[in-house]
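Per our numbering, residue 1 is the first one in the sequence shown, and the count goes up by one each step.
Treat the hints as calculated values from the structure; they're not laboratory data.
Careful: at least some of the hints might be erroneous.
What the hints assert, rightly or not - Label pairs and their computed distance ranges (CB to CB): (1) E249 <-> D135: 49 to 57 Å; (2) G212 <-> G178: 16 to 24 Å; (3) G188 <-> Q282: 42 to 50 Å; (4) T204 <-> F13: 14 to 22 Å; (5) E249 <-> R147: 40 to 48 Å; (6) T27 <-> D224: 28 to 36 Å; (7) L95 <-> G279: 14 to 22 Å; (8) E29 <-> R269: 15 to 23 Å; (9) L95 <-> R269: 31 to 39 Å; (10) T204 <-> A146: 49 to 57 Å.
The beta-carbon is built from N, C-alpha and C at its ideal position, and this holds for glycine as well.
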Amino acid sequence: MLDPETQDRVAPFMVRGINGLTAYDSTGEGPACVFVHGVGLNRRIWAGQVEPFAHSHQVITYDLIGHGRSDTLRGPLTLADFAGQLLALIDALGLRRIHLVGHSLGALIAIEFALQHPERVVALVAMNAVFHRSDAQRQAVAERAARLEQGEAGNLADATITRWFGDPVPERLAHHAGRVRDMLMKTGAEGYAVAYRLFAEADTAHAGWLAGLHAPALFMTGSDDPNSTPEMSSAMAAQCPDAELAIIEGERHMMLMTAPEAVNTRILRFFEDVRQRKGQAQMHSGGACS
Numbered sequence: 001m002l003d004p005e006t007q008d009r010v011a012p013f014m015v016r017g018i019n020g021l022t023a024y025d026s027t028g029e030g031p032a033c034v035f036v037h038g039v040g041l042n043r044r045i046w047a048g049q050v051e052p053f054a055h056s057h058q059v060i061t062y063d064l065i066g067h068g069r070s071d072t073l074r075g076p077l078t079l080a081d082f083a084g085q086l087l088a089l090i091d092a093l094g095l096r097r098i099h100l101v102g103h104s105l106g107a108l109i110a111i112e113f114a115l116q117h118p119e120r121v122v123a124l125v126a127m128n129a130v131f132h133r134s135d136a137q138r139q140a141v142a143e144r145a146a147r148l149e150q151g152e153a154g155n156l157a158d159a160t161i162t163r164w165f166g167d168p169v170p171e172r173l174a175h176h177a178g179r180v181r182d183m184l185m186k187t188g189a190e191g192y193a194v195a196y197r198l199f200a201e202a203d204t205a206h207a208g209w210l211a212g213l214h215a216p217a218l219f220m221t222g223s224d225d226p227n228s229t230p231e232m233s234s235a236m237a238a239q240c241p242d243a244e245l246a247i248i249e250g251e252r253h254m255m256l257m258t259a260p261e262a263v264n265t266r267i268l269r270f271f272e273d274v275r276q277r278k279g280q281a282q283m284h285s286g287g288a289c290s
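Full structure from sequences and hints, please.
Listed below in C-alpha cells is the structure:
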C-alpha cells in the first residue's frame, strides 16, 4: 500500500454530476463501502481505513464539494446538496446499495442520504457527529464560521488542531496532526467556508427525523471529543429505531486516524452483525413461505 504522502500525488478518478466534478478513489472487491470525510479535509483522511476494509469491501472515498480535487460551488449549500453529490457518485459507479460511513460533517451528510434514500443504504455509521449543541458550542462554531468567511483559515488552523488532538498535541500524534493541518491549509477558502457555515448550522437538521432512519445505524465518537460529545451520539442513537452506540475511550475528534484499529474493528463487527441479521431474516422469511 502507498504511504499517505505518495497517495496525495496520485490522481483520483473523476465523475461528473449535477454538482460538477467529484474526485474519488476506489479499491477492493465486495460489498460497496463509501466513506464521507469532514469539513476542511479530503478523501485521503481515510488512509487508515482503506486497506483494512478493502480486504472485504469495495472501498470508495471521495472529496466533498469544494474540497480536495472536487469542484467548488457558490454557497450557501445544504445537506441535501451534499447528499445529491453522493447519489450522483454511486449512480455513476453503478452501485445499487452501499455501506455508508461518515465523519463529522460527513456523518450528517451520511444521515441525510440515508433518510432521503433508505433503499440505497445497507448500514450507516455516523462518527463524531454533532447534535443539539449547547449555546456556548453554537456561539463558538458560529464565530469560527464567520472568521472562515473572512478568509482567516490560516489563523484558525492551530486552534482546530488543539480541539481535535489536544493541547499540547501528544508526540505520538504529531504526524497525524501535521497531515490534518496540511489538509486544512490546502482546502480552498471558498469551499471550506461554505461547508463550515453549513456545519455550524446543521446540528439540529435531523431533530425529529431520526425515527425515520430505516438503515441499521452505529453512532460512534471519542470519550474525550469536546464538540462531538458522547452525549450527542447517545441522543441520536436513542432516537433511531435500529441503532447502536460505541464510545472509543480516550479518543478525540480524529479517532479515525489516532485509533484506526479500534474504529475499524468496531465498524467491521457492526457490518458483520448486520449481514448476519439480514441472512437470518431471509432464512426465516423463506421458511414461512415454504
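Hints, one by one, checked against the model:
1. E249 <-> D135: 49 to 57 Å: violated (28 Å)
2. G212 <-> G178: 16 to 24 Å: violated (41 Å)
3. G188 <-> Q282: 42 to 50 Å: Cβ of G188 to Cβ of Q282: about 46 Å, so the range 42 to 50 Å holds.
4. T204 <-> F13: 14 to 22 Å: violated (35 Å)
5. E249 <-> R147: 40 to 48 Å: Given about 33 Å between the Cβ atoms, the range is violated.
6. T27 <-> D224: 28 to 36 Å: holds (32 Å)
7. L95 <-> G279: 14 to 22 Å: Given a distance of about 21 Å, which is inside 14 to 22 Å, the answer is holds.
8. E29 <-> R269: 15 to 23 Å: holds (21 Å)
9. L95 <-> R269: 31 to 39 Å: Violated - the Cβ-Cβ distance for L95 and R269, about 23 Å, lies outside 31 to 39 Å.
10. T204 <-> A146: 49 to 57 Å: violated (19 Å)
Violated hints, in rising order: 1, 2, 4, 5, 9, 10; the structure is consistent with all others.
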